[in-house]
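**Q** Using the hints, position chain V against chain F.
Top to bottom, those sequences are chains F and V. Under my numbering, the residues of the first sequence are numbered 1 to 132, in order. Under my numbering, the residues of the second sequence are numbered 1 to 189, in order.
Treat the hints as calculated values from the structure; they're not laboratory data. Computed from a predicted model, the values in this text were never measured in an experiment. Among the hints, erroneous ones may be present.
[What the hints assert, rightly or not] Restraint-style ranges between C-beta atoms, simulated for each label pair:
1) F/N63 to V/E179: 21 to 31 Å
2) F/K102 to V/E175: 21 to 31 Å
3) V/K161 to F/K102: 35 to 45 Å
4) V/S116 to F/R128: 18 to 28 Å
[As the list claims (entries may be wrong)] Coverage of chain V stretches by chain F, computed from C-beta distances (three or more under 8 Å per stretch; other residues unrestricted):
5) 51 to 64
6) 67 to 75
7) 107 to 117
8) 150 to 156
9) 169 to 179
A virtual CB, placed ideally from N, CA and C, is assigned to each residue, including glycine.
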Amino acid sequence: MTDRVLGNIIIENSWVRAAAPGTKVMAAYMTIENNSLQAIEMDMKRIISKGFEKTEVHKSSLNGMMTMEKIDSLIIKPNESMVLEPGGLHFMLINPETVPQKNTTVEMLIFFKKENEAEVVRIEAVVRSQKL
Amino acid sequence: MLFLIQKSPNLIEKEAILESGKAYKKPLDIIEFELIDQSDHQYTKNDLRNKWTILFFGYTNCPDVCPTTIFKLGQIKQQINRELLNVNLQIVFITLDPERDSTERLREYLGFFDDSMTGLTGDVTKIVELTSNLSVFFQRINKEDGYDFNHTASIFLINPKAQLKASFSPASSIEILAEDIKKVVKKSN
Numbered sequence: 001m002t003d004r005v006l007g008n009i010i011i012e013n014s015w016v017r018a019a020a021p022g023t024k025v026m027a028a029y030m031t032i033e034n035n036s037l038q039a040i041e042m043d044m045k046r047i048i049s050k051g052f053e054k055t056e057v058h059k060s061s062l063n064g065m066m067t068m069e070k071i072d073s074l075i076i077k078p079n080e081s082m083v084l085e086p087g088g089l090h091f092m093l094i095n096p097e098t099v100p101q102k103n104t105t106v107e108m109l110i111f112f113k114k115e116n117e118a119e120v121v122r123i124e125a126v127v128r129s130q131k132l
Numbered sequence: 001m002l003f004l005i006q007k008s009p010n011l012i013e014k015e016a017i018l019e020s021g022k023a024y025k026k027p028l029d030i031i032e033f034e035l036i037d038q039s040d041h042q043y044t045k046n047d048l049r050n051k052w053t054i055l056f057f058g059y060t061n062c063p064d065v066c067p068t069t070i071f072k073l074g075q076i077k078q079q080i081n082r083e084l085l086n087v088n089l090q091i092v093f094i095t096l097d098p099e100r101d102s103t104e105r106l107r108e109y110l111g112f113f114d115d116s117m118t119g120l121t122g123d124v125t126k127i128v129e130l131t132s133n134l135s136v137f138f139q140r141i142n143k144e145d146g147y148d149f150n151h152t153a154s155i156f157l158i159n160p161k162a163q164l165k166a167s168f169s170p171a172s173s174i175e176i177l178a179e180d181i182k183k184v185v186k187k188s189n
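This is chain F alone, in the form it adopts within the complex:
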């Protein structure tokens, strides 16, 4: 399913992992396609997830150890895609006003910088459990 197409940036298959009441951090996943001829850079400081205090991009790694690091720069080359998925890159949605329930959606605004312009992509990521 395509969530949102704006210019040449396409965001697909977005979802937020459903979480227990009282949860302080949630994860959002999606695929971001850059179908333009220019590299795009995510504007990390401007990502908005409605109903959350702030949103960051993190990367989990599982090489014997489970580690998680905050990502400060994310660039997608022309005609390439970036997959944010469990166990790897993900949006970290921090401090919800209330934890959103399953089958609702979380509105996210994701800003990108190009050479001399900026684009914002609005998506509605569905809250659901992980699928097989």
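**A** This is chain V only, laid out in the frame that chain F set:
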């Protein structure tokens, strides 16, 4: 920053080559321990006896890898219970973050994902004794607005004598993990 280094793994003989981990010909004895489950009941080494246990460490503020592992283990448990009818398999999650993970929080967290799982918390020194025994490393990473943990994410298989029988990588697929766990259980039963 809390920095904990556990002792080196015991030298244990490998039993069989598994795709997702290793099984031990001579299982490792687990130390006596005393923690509390999400129903506020005491949980000790004795509660590991007479059943197979999949055990892993994590924390409920971990938004990505821990829920993924819980999801995988839930699927694996269903599959094993369906296929190996005589095997009594339990899943135990031990928090590395007892400061935030109270029994109430564990009840809320596991109640959402899978209330058949057992969640354990307790005194941090008791948790560290157990992580040392199983060669689990964890490190608190302080941030501006809280903290996370880097930690050994291995999945442990405990036999009905409360001994460590095998360990697996959580990065493996559900299918591979389930096959390997079944292989070890069948061989030991």
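**Q** Decide, hint by hint, whether the structure agrees.
**A** Going down the list of hints, with the structure as the test:
1. For F/N63 paired with V/E179, a C-beta distance near 22 Å keeps the hint of 21 to 31 Å intact.
2. Remark: the range hint 21 to 31 Å for F/K102 to V/E175 is upheld by a beta-carbon distance near 26 Å.
3. Remark: the range hint 35 to 45 Å for V/K161 to F/K102 is upheld by a beta-carbon distance near 40 Å.
4. The beta-carbon spacing between V/S116 and F/R128, approximately 21 Å, falls within the hinted interval of 18 to 28 Å.
5. Proximity of the stretch 51 to 64 of chain V to chain F, defined as three or more residues with a beta carbon under 8 Å from a beta carbon of that chain, is established by the 6 residues found.
6. Taking a C-beta to C-beta cut-off of 8 Å, the stretch 67 to 75 of chain V contributes 4 residues in contact with chain F, enough for the three needed, and the coverage statement holds.
7. Coverage of the stretch 107 to 117 of chain V by chain F holds [criterion: at least 3 residues with CB-CB distance below 8 Å; count 5].
8. Look at the stretch 150 to 156 of chain V against chain F: 5 of its residues bring a Cβ nearer than 8 Å to a Cβ of that chain, three or more, so the hint holds.
9. Counting residues of the stretch 169 to 179 of chain V whose beta carbon lies closer than 8 Å to any beta carbon of chain F gives 4, which meets the minimum of three for the stated coverage.
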